[in-house]
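Produce the complete structure using the sequences and hints provided.
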Amino acid sequence: MNDWKRFLPESLLKKYEFYNYNHAVEILTQAYPGEFQEIIDMLEGFYIDLDDILQGGGSKSLIPKKIDRCLFPQGWAETQLEGDLTIRIKERQPESKNLPGKVIENFLEGHNIDYVKGKLAFDLEWNSKDQTFDRDLYALRTYYETGIIACGILMTRSESMNAVFKELGIMKKYGASTTWMGKLTPRIQSNRHGGCPLLVIGMTPACVRKGKGESHEQGL
Numbered sequence: 001m002n003d004w005k006r007f008l009p010e011s012l013l014k015k016y017e018f019y020n021y022n023h024a025v026e027i028l029t030q031a032y033p034g035e036f037q038e039i040i041d042m043l044e045g046f047y048i049d050l051d052d053i054l055q056g057g058g059s060k061s062l063i064p065k066k067i068d069r070c071l072f073p074q075g076w077a078e079t080q081l082e083g084d085l086t087i088r089i090k091e092r093q094p095e096s097k098n099l100p101g102k103v104i105e106n107f108l109e110g111h112n113i114d115y116v117k118g119k120l121a122f123d124l125e126w127n128s129k130d131q132t133f134d135r136d137l138y139a140l141r142t143y144y145e146t147g148i149i150a151c152g153i154l155m156t157r158s159e160s161m162n163a164v165f166k167e168l169g170i171m172k173k174y175g176a177s178t179t180w181m182g183k184l185t186p187r188i189q190s191n192r193h194g195g196c197p198l199l200v201i202g203m204t205p206a207c208v209r210k211g212k213g214e215s216h217e218q219g220l
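For the sequence shown, counting from 1, position 153 maps to 153 in the numbering used here; every step adds exactly one.
The reader is advised that the hints may include incorrect statements.
[Unchecked claim] Pair by pair, the computed Cβ-Cβ distance ranges are:
1. 172 with 106: 37 to 47 Å
2. 128 with 5: 20 to 30 Å
3. 13 with 190: 22 to 32 Å
4. 88 with 50: 52 to 62 Å
5. 2 with 50: 27 to 37 Å
6. 85 with 2: 38 to 48 Å
7. 51 with 87: 45 to 55 Å
8. 145 with 88: 15 to 25 Å
9. 190 with 101: 34 to 44 Å
10. 72 with 10: 26 to 36 Å
[What the hints assert, rightly or not] In the SDA-like style, the derived pairs of lysine to any residue whose C-alpha atoms are separated by at most 25 Å in a straight line are:
11. 119 with 23
12. 14 with 64
13. 210 with 13
14. 117 with 67
15. 15 with 128
16. 210 with 128
17. 65 with 111
18. 5 with 16
19. 117 with 61
Hints were generated in silico from the structure; no laboratory data involved.
Here a beta-carbon is modelled for each residue, glycine too, at the ideal position from N, C-alpha and C.
Below is the structure:
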């Protein structure tokens, strides 16, 4: 049932939770091993410090900036999809002739995806409103259906992270209506991502460092 997990390093299976939709892991490992290895390396080196969690709000928190510093130098780029729709009208009877068509401008106007390289797209949601997942899944679906990408990766918080927030006394900041796994998987199960292969990654307390070299999971 979970044979696909053999493609992932054991160290990551202990640090994150994974969900594999439409054979995303098989596609990533077999068709795009170089780009996927860059994601693996990022996940291996990625840690959240307590200051990252405790900091105030802003346009971009410290957590995505850590991933920026890892992926941007390797050619991953924030990307937006735009496109016009050209409609052609042809009458077939009694004789074939072309009629004036029309162009619908900005027919496709997807929101930004955090990191795109080649045929892969990777989005991170740490603590936004949960409706952001609808936007993310629609964007990944559109990129896939137009042939821009072959596979998507979406990373968010695992429910197990709530133990960390409660211990720090900041559970209210990371409430049920924000972006976490419990708000994402029901949307995927209702097929809002269409046919897009999708690897979903959940950050667990093993990603949180209490101090140098010690994960928060070890202190719970």
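Violated hints - listed by number, lowest first:
Failing hints: none at all.
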